[in-house]
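Number of protein chains: 2
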Amino acid sequence: MKIAIVGLGLIGGSLAKAIKKNTNHTCFAIDKNKQTILAATEQESIDGEIEVSDLKKCDVVIVCLYPEATVKFITENAGNFKTGGIVIDVCGVKGAIVTPCEKALSQVGVKFLGCHPMAGREFSGFEYAVDNLFDKASFIITKTENSDSEVVAKISDLALEIGFREAVVSTPEEHDKVIAFTSQLAHIVSSAYVKSPSLFNQAGFSAGSFKDLTRVAKLNEDMWTSLFMLNKKALSDEISCIIDRLCEYKNALDDENYEEMHSLLKDGRELKEKSIEQA
Amino acid sequence: MKIAIVGLGLIGGSLAKAIKKNTNHTCFAIDKNKQTILAATEQESIDGEIEVSDLKKCDVVIVCLYPEATVKFITENAGNFKTGGIVIDVCGVKGAIVTPCEKALSQVGVKFLGCHPMAGREFSGFEYAVDNLFDKASFIITKTENSDSEVVAKISDLALEIGFREAVVSTPEEHDKVIAFTSQLAHIVSSAYVKSPSLFNQAGFSAGSFKDLTRVAKLNEDMWTSLFMLNKKALSDEISCIIDRLCEYKNALDDENYEEMHSLLKDGRELKEKSIEQA
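These protein sequence lines map, in sequence, to chains A and B.
For the first sequence, our numbering begins at 49 and goes up steadily by one.
For the second sequence, our numbering begins at 49 and goes up steadily by one.
Think of the hints as simulated: they come from the structure by calculation, not from any bench.
Any given hint might turn out to be false.
For chains that are exact copies, the list does not tell them apart, and a pair is met inside one copy or across any two.
BS3-like, lysine-lysine: derived pairs with alpha carbons at most 30 Å apart [said to hold, decoys possible]:
#1 K259 <-> K243
#2 K314 <-> K82
#3 K322 <-> K105
#4 K191 <-> K259
#5 K69 <-> K259
#6 K120 <-> K322
#7 K120 <-> K314
#8 K191 <-> K151
#9 K243 <-> K191
#10 K82 <-> K281
#11 K314 <-> K259
#12 K130 <-> K120
#13 K50 <-> K314
#14 K120 <-> K202
#15 K104 <-> K202
#16 K120 <-> K298
#17 K243 <-> K104
#18 K104 <-> K50
#19 K69 <-> K202
#20 K151 <-> K130
In isolation and in its complexed conformation, chain A is listed as follows (with noise of 0.2 Å):
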């Protein structure tokens, strides 16, 4: 097959390599940075620059770019896809991307497939973009009842080619919920720790612990902030839930209320056994 990545950053970057690595299509990227395109050639992470109007040619195009320039290119370009052709694209919310490029594309005979790839690092672009980033990786389509099921299937084994650890169909609206939880809220949180004034006083009494929580809060606030906006609802509820158990352990403290303690940590250590177990 001819793939066409748009956008060579982490995640595009990353694909282009894993692409090339592991599977015998061809790869062409298009990128707004002449270095990057420099770069992904002379490394063989890309067979070669093309323009937006070869895209005709290619059978599956990749968007990656962030939240709102995945929906303004994939709209303005509806037109310079193959007909028949697949576009994915690899944001980490879909119900506010699926349903205009669906609408844009299936007007123009070019099937729409919202995609995540759950990874990615605290570093952004393609200098930091690696072949095996998506090796443990799960890789989440979202089917709508206007998606065709050979295409789930055709990209489902692209992304097992690729090298992902498994393809998890879902749907956008299940996609944002979990998604949410199982990220979104883990940057908000990470971020919000290290907001505590005793920040600075912590060298040599940190642990693991403090590394893993506050991890995330080396984020890009630029791609984050859209991903939080366009999936406002059910991430509001999630600080809103871990909100309200916070302060179950804060009135267990402040109560000196032992029993209660233990049972709010044995709780939660069962939840995280049993979350284990299910994984």
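Given chain A's structure and the hints, the job is docking chain B onto it.
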């Protein structure tokens, strides 16, 4: 030197193994579980079992019990330690341990130092003890106005000999305030995190951030309940602080205030980056 370890759990067992691996000191142990003593002897993690009455012959006694049991053991056995010898503990809180232990031991001419090896695992017990648990860890020593600086220097040297990355000298008050933030809050937040109704929908939707944020929810509730209750005020303040911060992110979301969200995330990223530089 002759060293005795009281309590061969994860920390006591790992200390014994590291002492035998990295130093030439003799290392005896006391543990109420005879199977543990047998296993430790067979693995040559200790030079043998001793009785409480033998503690008189030991230059350094390291008490590795839970907080309440540590205070009980040290105060009840004040007369059993070597005159001029050193007794240290390894509890995760210091004020509540140091005050009673220092008082009991100063009356009988034994030196006490409250210590905290900053390492752990999500598992308890000698069977998880390893000789490299402390390789990248800090060893915190808390000094009071009664502490002897020669004793501090001796224990600091011992910690480095055992293999700790660094020995950090602090006070019980500073230790408890900072540890409330770097360690205790992490365990509370992780425990609260897993209590969302979304927990059991996350298979296939989780990347590293979820794993990191929830790893330490798998804690030992007996030990942590004690540690939290013995550091009530500082921990309660840290929980209040993160709740207030989380409300700011939630308000920005609910108000659809992009600028505010962007600025909250940018502040968090910059704080995290600065804290890495200072670590």
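Violating hint indices (sorted, rising)
3, 6, 10, 13 and 17
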